Structure formats: C-alpha cells, structure tokens
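K.L.:
Chain by chain, the residues:
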Amino acid sequence: MIPRLLYLPASIGLALLVLPLAGLLLKVDWPGLPALLLSPEALQPLGLSLATASVSTVLCLLLGVPLAVVIARSQPRVAGLLRALVTVPLVLPPLVGGIALLSLLGRGGVLGNTLELAGLRIPFTTAAVVIAQTFVALPFLVIAVEGALRTAGVRYERVAATLGAGRGTVFARITLPLVAPGLLAGTVLSFARALGEFGATALFAGNQAGVTRTMPLAIYTAFNGSGVTTDQAVALSLLLIAVAVIILVLVGTRRASVLS
Amino acid sequence: MTPALWKSAANALLEANLQLTRGSFTLDVRLTLAPGEVLALLGPNGSGKSTVLDLLAGLAAPDVGTVTIDGAVLTAPGRFVAPERRAIGLLGQDALLFPHLSARANVAFALRVGDAQLNASLARKEADRWLDRVGLKDFGDSLPRALSGGQQQRVALARALAAGPRVLLLDEPMAALDAETAPFMRQLIREQLAETGTSAIIVTHDIVDAVVLANRVAVLHDGALIDQGTTAEVLAAPRNPFVAALAGVNLVVGTVQNGAIVAPDGRIFWVRPADAGDLDSTGPGAAVFRPASVVVHTEQPRHASPRNVWSARVTAIEPGSGGVRLRTSGDPEVIAELTPAAVADLGLQLGSTVWLSVKATEVSAYRR
Chain E
96 MIPRLLYLPA SIGLALLVLP LAGLLLKVDW PGLPALLLSP EALQPLGLSL
146 ATASVSTVLC LLLGVPLAVV IARSQPRVAG LLRALVTVPL VLPPLVGGIA
196 LLSLLGRGGV LGNTLELAGL RIPFTTAAVV IAQTFVALPF LVIAVEGALR
246 TAGVRYERVA ATLGAGRGTV FARITLPLVA PGLLAGTVLS FARALGEFGA
296 TALFAGNQAG VTRTMPLAIY TAFNGSGVTT DQAVALSLLL IAVAVIILVL
346 VGTRRASVLS
Chain U
4 MTPALWKSAA NALLEANLQL TRGSFTLDVR LTLAPGEVLA LLGPNGSGKS
54 TVLDLLAGLA APDVGTVTID GAVLTAPGRF VAPERRAIGL LGQDALLFPH
104 LSARANVAFA LRVGDAQLNA SLARKEADRW LDRVGLKDFG DSLPRALSGG
154 QQQRVALARA LAAGPRVLLL DEPMAALDAE TAPFMRQLIR EQLAETGTSA
204 IIVTHDIVDA VVLANRVAVL HDGALIDQGT TAEVLAAPRN PFVAALAGVN
254 LVVGTVQNGA IVAPDGRIFW VRPADAGDLD STGPGAAVFR PASVVVHTEQ
304 PRHASPRNVW SARVTAIEPG SGGVRLRTSG DPEVIAELTP AAVADLGLQL
354 GSTVWLSVKA TEVSAYRR
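If you read the protein sequences in the order shown, they are chains E and U. FYI, in the working numbering the residues of the first sequence are 96 to 355. FYI, in the working numbering the residues of the second sequence are 4 to 371.
Hints are computed from structural coordinates only; laboratory data are not their basis. All values reported here derive from a predicted model rather than from experimental measurement. Among the hints, a few may not be true.
[Claimed, not checked] Over 12 angstroms on every C-beta distance to chain E, these chain U residues come out as not near it, computed from the model:
1) D225
2) R275
3) V299
4) H306
5) E321
6) E336
7) Q352
8) V357
[Stated by the list, open to error] Cβ-to-Cβ under 8 angstroms is the rule here; a few derived chain U residues that face chain E:
9) A90
10) V116
11) G117
[What the hints assert, rightly or not] Beyond 10 angstroms from chain E on every Cβ pair, some chain U residues (computed):
12) L16
13) Q154
14) N218
15) G326
Built from N, CA and C at the ideal position, the CB exists for glycine as well.
Can you build the whole structure from these sequences, using the hints too?
P.N.:
Encoded structure:
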C-alpha cells in the first residue's frame, strides 16, 4: 500500500547512504592493505580509540542512566527543560563543543584555572579525549534510555511497590530489565558516536600520536599528511567501518533497531 | 443515611478518612474494613473508586486524611508511609506481570521482597505451591506473554497474595477478561481470599462481583459514599440509579405525593397498595420496578388497566440478560426488557416513539 512515487526518493536516499561506502571499497589498495592495517600508524590509533570509547561508554552509562531516570520521572515541565538541555550537545557542531570544553577546562577557563592550581591539566591529554567523547555521546544514551523509561511507564514499578519491594530493588530488578532494549541501543549508539568523535577531540585534546590521536584523527592526519598517499586514510576508514559493523552484528541489528 | 452506618467497627482492621480535591472533583470518604471482610466499592465511572484505592495503597496522598491499619498510622497529617511498607496489595484490571520474569519468578519476587531471609530455591518451591493453588502448576517456566489473559490474572492473584498483604485491593480484576474466564477468576478470588483469610476491598462495575465476593457494599457517587450496608440490603433497596441499574431494576428517585412517586420530569408512578400506605405524607422517595414489568406499545393503550402510562423515545436497544433491553428517554430513563421477536413485531428502532406502561402492582416504593 505504498504510493509508487515514494520508491524513487527512497532509492536515491539509499544510494546516497550506500554508494559512498561502495566507492571507498573501490579505492582500497587490497594487496597493500594488510601492511597498512598492521602498521603502528593504524594499530596505535585503533587501540586508543577502542580504549577511550569504551571508557566513555561506561561513563555515559554511569551518568546517563541516572540522568535519564530523573528526566523520565520528573514533572512534564521540568522534564521538558532537562530534555532540551541534554539535546543541545546533540545538535551542536562538535567543534563548538570542543571550544566550549576548552573554555571551561582549558587554560584560563573557569574550572581549568582551579584544576591547574591543583596540578591537573586536562586539555591535550587522553583524559580530554574521554571527556570530549562522553560530551558528544552522552545525549544519545540519555535520550534512548529516557524514551524507553517513558514508554515502560510506572505501572510495573507501582505494582512492585505494592508487593513490598523497596526503591532500590524495583530499580534493579524491574526498571532496568524493562528498559534493557533501549539501554542496549543507547549503549551501542554512544559507543559508535564516541568511536567516530573528531571535532571536539581535535580542538580539546589535540592530535598527539599515542596520546590523543584516535582513529578519526589518524584518518584526518593521513589524508592531509604531506607526501603521504590517501591509501592509509582509506585503509583506516575501512577499519573503522569494520569495527562499527562488527559491533552492530554482535549486538544484533534487531535489538539495536528497538530505538527507532 | 443513618449515622449508625458511619460508626467505625469496633474491631476495624482498616480505617480510612480521605479528603481530596482535584479541579472540580472532590472526594470525601470514610470507610472501615473488618478483619476477613470483603467490601465491594460500587460506583459509576469518575466516582473516585480507583482514587480511593490509590490513597489506601499509598500511591497517592490525600489533601487531608488518615489511613490506619491494625492501629498503625499509614497516612496522617505529617506522616506518609511509602507503598512498599504498607502491606496493602493491589490487583488491577491488567495483570501487570513483570514481562521479563517467568510466572514462577513473578511470584517468587513477591515472596522474596517480603522475606529477605528466604533463599532463591525455597522461594521457587513456595512460588510453585502458589501457582498450584491458582491452577497453574505446569506454567512456572512460562513467560507472561505466553499466557492467556485469564492465566496472567491468576498468576497476578497468586503474586499479590504471596506478598502476604494485610489488605488486598482489587480494582475491577475481571474487567479485562472474557465472559467465559471471568466467572472462573471470580470463584478463584473468592476461594483464595477465604483460604488465606485476606481482607479485601473490590472496586467493581459488576453486581455479580459484589454478590459473589463481598459481605458488604459501599456505593460511591461523585466522590462521596451515598450508601453502605450488607450486600443484600443495598441491592434489595437501591437508593441510587447506578446501583439500581446494576441490580437490574428501574429506579425512580423522586418525591412522595398522594401515595405515588413523582419523577423529576413529572411522571407519576403509582405503586403497589402494600407500599402506598407508607406514602401518605410528602418527602423524598423512590419507586423500583423490573424492566420485564414494563410493557411497550406503539400506540397509546386505549383500555389501560395499568395505571402508569407514558410516552417516550427509544434511546438505545441492547442485549440484556432476559432478551433485548430498550432504554427509553425520561428523567430517569426507564429500561424495558422484551423478547427479540417482540422488538421485531413492534418495528422498534432507535428514536421510535413508544408508549410504556407498568402495572402499579409491579412497582414497589421506598421512602428515603
């Protein structure tokens, strides 16, 4: 029962999403690929990316799930305000996020000065990478989990309370399992977002090999690098795509699609 | 209402005095529940029945009011015990089994939150015994979505009772079940309440629930209890059209004039001689007659031996227990019950104008 006219834009849309990736595959220097991927220039950023994105995702869970619960169970007006605040980083260009993080935590920044006095310097460290990734990824998790919580409603929680279950028990044994699909989708999304994070990282953490050069920065460096061919950039992109695909497959595309 | 009915029972298990205003709705209810008693709370939609249950269970707080159970204060000015510490259970229209837990785990959940010492394997065994009691011995491993609506509700009953509530609140527990399943569930609730000696308040639309399950009936209307008594008393002499409709009778609440009841719209209902003697002075009164006593004519009856004759429009034609129920216009509306064949013979349709008659000897009357 679909109007036939819709197939045309639908095909163009799909082509727009798929063809560039197909183009990328055509550009891959397949014989030279193993060497490119096993080089330190590829493995080091990959390791750093996986490590920082994992830590960021854990941070997102630790901070985002409680935030989602607070939003979902707030009065509608408060919830609307909180939701808007959480959404801002989502619609912000990541570069702006990077500048904002520098303004707060960088040299001369409000918190940055205080931390400097305590002997802590955040910008241009691996910690800055994690903070930048968490900054851009957290909204995805909060929105996914908050939506799931609102859909689940409070009816099961109320029943659990009338059975005598305290709030902690209800949260751990009823609320969290009920929103498991949303939680999983949110986790996958925030990990993917953290893995792909470039703009905020570049400004706030810089591009120091082994410290802050994650996969996206490595790709950028390879692509812009003087005298270097784009082969390295293409190979690294392929690697990043492969990692993303593997995660999606491991998690199961069916369950990840619960979010949509 | 006589003041005596409002007196708290000497050995009340639950006593509640609840006042709440939300917009234009005001609730003002005092009720008591004796140990082992089952109270049916009847009332039309919007009368505040479910609100009363929420206030008792601690899922909402009254503006002013108290709830005590066994003398322990649960709700009072400056005091509000959380629902999980009230030991007041709730079984609603929907079973609300936790969807990620098996039937057994649902029941075990209630057992273990009630008794932190209970280990998992004992809880499972105990849960199986509860499932057996509700006739679902072999369904312990089933997830809720694999169970029928009736089975889910049985597990929910087992779960609610397994928590060991001091009072169980039942909010239209049969409303979502089909006609074949509901009677079975009703009997099961009756059995299990009796076996466990659980005191309960059941909110219902269905008079059968009150008759089968309850010792006592309270009628809630617009946020106030307007009638209260033993089930038999309340149903035998309904003081309110809602209860009368539930009991399957026509109820005309009006005024007594010259040995008859005058309806709000001016219709006069002559009543049987036995009752007419009580109607010698004016005052509030009510006439009650069965829908089957109402005779329907398409033309004004000429030789009308029945003394009560009036014309009305047909406002609804619906299936009834004894045939077809015809709702007719007026204040109050009058329901006539006739056979499907009679409806066809008379060519009755929605909006038809009909003449209705009731023999005075079929009409009983009450002073209010």
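K.L.:
Hints first: check each against the structure and report whether it holds.
P.N.:
Against the structure, the hints:
1. D225: About 26 angstroms separates D225 of chain U from the closest Cβ of chain E, which puts it past 12 angstroms; holds.
2. R275: Holds, because the least Cβ-Cβ distance between R275 of chain U and chain E comes to about 49 angstroms, which exceeds 12 angstroms.
3. V299: holds (46 angstroms)
4. H306: holds (61 angstroms)
5. E321: holds (32 angstroms)
6. E336: Given that every Cβ of chain E is farther than 12 angstroms from that of E336 of chain U, nearest at about 36 angstroms, it holds.
7. Q352: The claim stands: Q352 of chain U keeps its Cβ more than 12 angstroms from every Cβ of chain E (closest is about 38 angstroms).
8. V357: Its Cβ never comes within 12 angstroms of chain E, the nearest being 46 angstroms, so this holds.
9. A90: OK, holds: A90 of chain U within 8 angstroms of chain E, min 7 angstroms.
10. V116: holds (4 angstroms)
11. G117: Holds: closest Cβ of chain E sits about 5 angstroms from G117 of chain U, inside 8 angstroms.
12. L16: holds (17 angstroms)
13. Q154: Non-interface label on Q154 of chain U holds, nearest chain E Cβ at 17 angstroms vs cutoff 10 angstroms.
14. N218: The assertion about N218 of chain U holds, with a minimum of 23 angstroms to chain E.
15. G326: holds (40 angstroms)
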